[in-house]
Amino acid sequence: MKPALPVLLACLSLVGRVALAQSGSLIVPATIEAGSAFSIQCGGSGQATLYISGPGQLIKRDVQLGGSTWFPAGSLGNAGHYVVFLSSSSASESGSMDVLPAEKPADLTFIAKPSRLPVALHGAITGAVYVFDSYRNLINKPKSVSFELSNPSSPTQTHVVQTRYGAAWTQMDSSPHEGKDQFVARVENVSSTRIVSQVPGDPCSLKMYAKPAGKKVQLQTDPVRDCSGNAVPDGTIVTFTESYDNSKSTVDVPLKRGVASIEMPAHPGATLSVASGVVLGNQIRWNQ
Amino acid sequence: MIRGPLLAISIAAATVALIVIGTIWPFASAAAYASGEHFGGSSSTPEGAVQGLGDEIRAQAWDRAYSSLANKTEFSEAQFRRDLTSAYPDLLTYASLNSFEVRPEHATATEADVQFIMQWSTVVGPSEVSRDLHLVKNSSQWQVEWPIQKVPIVPPQVIPVNYLRWDVIYRTAGDDWGAQDVEAPHVRIVNMHPVQRAEGLVLLGELLNEDVVPAYVSVSATLLSKDQKPIDTEASFDKISHQLLPKQVTPFLIRFPNVSLSEVGSVRMNPFSTLVSASADPVIEIENEKLNPAPDASLTGQLTNQSGQIANVAHVLGTFYDKSGQVVWVGDQYVDHALLPQTPVSFNIHIPEDLARKVSSERTVVSTFSFGGSE
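If you read the sequences in order, they're chains R and Z. Position one of the first sequence corresponds to residue 1 (the numbering used here), numbered consecutively onward. Position one of the second sequence corresponds to residue 289 (the numbering used here), numbered consecutively onward.
Note that these hints are calculated values from the structure, not bench results. Every value quoted in this text rests on a predicted model; they were computed, and no experiment measured them. Treat the hints with caution; some may be incorrect.
[As the list claims (entries may be wrong)] Mimicking BS3-like on lysine-lysine, the simulated pairs with C-alpha atoms at most 30 Å apart in a straight line are:
(1) R:216 x R:256
(2) Z:438 x Z:578
(3) Z:527 x Z:611
(4) R:215 x Z:611
(5) Z:527 x R:216
(6) R:143 x R:180
(7) R:207 x Z:611
(8) Z:514 x R:215
(9) R:104 x R:60
(10) Z:438 x R:207
(11) R:211 x Z:578
(12) R:216 x Z:517
(13) R:141 x R:180
(14) Z:646 x Z:611
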């Protein structure tokens with residue numbers, strides 16, 4: 001039976017247009033706010049049936065002609081264009097109205113990218129916000145969105161952006177200090193928070209020292225830090241290389257407690273070097 | 289209607305015929321295996337004795353192989369078996385001897401030396417193992433003196449390991465679509481170079497995990513013609529170390545069979561990375577890396593497990609550079625023995641003869657797999 005309903009409404013619309021032209025007794029508000037109460041006035045006398053049809057919603061109400069029909073708050077929530085039909089035994093009429101998103105924001109969808117990035121990068125964090133009312137309608141009137149990126153050890157970055165067609169976006173710099181930054185988007189009293197993890201960058205001035213350990217040589221780095229002074233996280237691979245005669249020994253060692261340490265065979269005259277990723281450290285010539 | 293019974297009769301007749309043929313003219317190895325006798329090779333010659341031993345190893349008839357040896361009093365049957373199939377689970381544990389080759393080297397009336405080359409079929413492809421065998425003649429029979437390589441046994445002990453591990457919790461289906469998920473690791477191709485080979489085009493390069501989290505990586509590439517039409521898309525498959533810890537670099541090699549470099553206008557590289565749970569252990573030291581010149585150019589060295597965890601399978605990848613630092617080749621080898629703590633295991637990566645002269649330096653990485661645990 002349901003597929004027949006749009007056909008019925010279309011027919012009613014056609015008939016209604018004719019009837020409206022004749023009588024004009026159906027008075028429908030041109031616009032209402034989503035979720036607000038409203039009334040529709042129906043002239044004439046007797047009983048009729050009122051239909052309101054719009055995006056994802058249909059209301060059918062038996063009405064007494066010659067008065068106002070009251071629809072309480074929350075009757076129409078979805079924003080969009082609605083068609084109103086009045087059908088009685090003697091005539092049919094129709095009108096239309098627009099349901100607009102509510103003025104008051106109730107919800108934000110906040111997309112922050114990336115969730116993890118190195119420190120001290122310019123414009124590397126992006127935040128995009130979509131502003132919705134309490135019925136999940138996109139509020140397309142301009143709203144001021146405040147973006148704030150903060151952590152305890154750096155000054156807060158704040159950008160205020162007006163929404164356009166319900167959306168606003170901004171770019172932020174990552175701070176020079178590692179940590180978990182709070183990225184907050186706020187519209188009036190509605191806010192949404194994302195966490196942006198700022199991690200140390202590539203090791204800077206990688207340095208190791210060597211000391212004898214029995215028949216071996218122990219190689220250990222100084223605490224490994226990036227160029228902003230942040231400790232490079234444990235697990236980062238440091239490659240030690242020992243070159244001697246025409247041979248070479250290498251070992252990839254993860255940082256533990258900020259340093260990488262390994263014992264390698266002691267070959268007199270060997271050249272010892274250290275690297276991490278594409279960053280090279282110092283070289284030592286082993287003469288013991 | 290007649291077809292069904294006719295087919296049944298034909299199958300029955302063929303089955304009977306095959307049984308008769310198999311009974312009258314049995315396959316030598318099968319007959320020996322069924323009767324409990326020695327396999328086909330005759331012990332009247334050194335080559336025949338090794339042939340027989342090879343057949344017995346291939347049939348996993350360990351007791352008969354062991355009993356045929358001249359020096360069996362020096363070790364037990366279990367040690368002989370462990371020498372061939374490993375004491376700890378590794379590639380050879382799940383391998384079978386596909387074929388073998390016997391190369392006589394030297395012989396007198398009572399002694400002989402023979403090279404015995406075994407081709408094992410493993411889960412990652414063929415693995416060649418060579419043994420130099422000494423044979424002695426006892427009365428009229430030649431017997432093999434098996435060069436036992438006693439597998440070191442790790443003594444029972446507790447090794448405290450303060451290892452690092454990363455675990456990942458992903459977003460769930462119930463999360464809001466705007467909610468964050470964990471960020472995929474940031475990886476970067478730091479080197480890429482095409483090489484024309486007889487079999488086709490090969491793309492060589494290196495991939496860096498520049499993030500602070502472990503990554504599962506792979507690389508695929510699409511060749512585009514000069515008018516920007518795709519020619520072929522291939523991936524690195526196992527010619528890459530798939531797990532990269534932070535700041536670790538892996539080489540990769542992508543083969544495009546039957547494609548010529550002159551056809552290619554450009555290449556679209558597609559590095560892929562995803563977050564994985566991973567452990568920073570075991571740490572493997574690569575010792576005594578040595579570039580051996582042609583002929584038989586190779587990179588040799590030893591792997592030593594610095595950790596307490598046994599690494600069951602190790603995959604060694606060598607990146608070879610010319611004098612200008614350009615990658616000229618990527619080679620690899622799966623090590624068929626488990627890496628026990630502090631026990632060196634050799635590796636040998638073949639370098640193509642025509643490229644060996646260009647190789648000036650190398651870089652070796654190793655990835656390991658532990659049964660019952662993560663990589």
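Comparing the hints with the structure gives:
1. R:216 x R:256: holds (21 Å)
2. Z:438 x Z:578: holds (26 Å)
3. Z:527 x Z:611: The given pair, whose Cα atoms are some 23 Å apart, holds under the 30 Å limit.
4. R:215 x Z:611: violated (33 Å)
5. Z:527 x R:216: Distance of about 33 Å is beyond 30 Å: violated.
6. R:143 x R:180: holds (28 Å)
7. R:207 x Z:611: Status holds; Cα separation ~26 Å.
8. Z:514 x R:215: violated (59 Å)
9. R:104 x R:60: holds (28 Å)
10. Z:438 x R:207: Status violated; Cα separation ~42 Å.
11. R:211 x Z:578: Holds, because 25 Å separates the two Cα atoms, which is no more than 30 Å.
12. R:216 x Z:517: violated (57 Å)
13. R:141 x R:180: Outside the cut-off at roughly 33 Å; violated.
14. Z:646 x Z:611: holds (8 Å)
In summary, the numbered hints that this structure violates are 4, 5, 8, 10, 12, 13.
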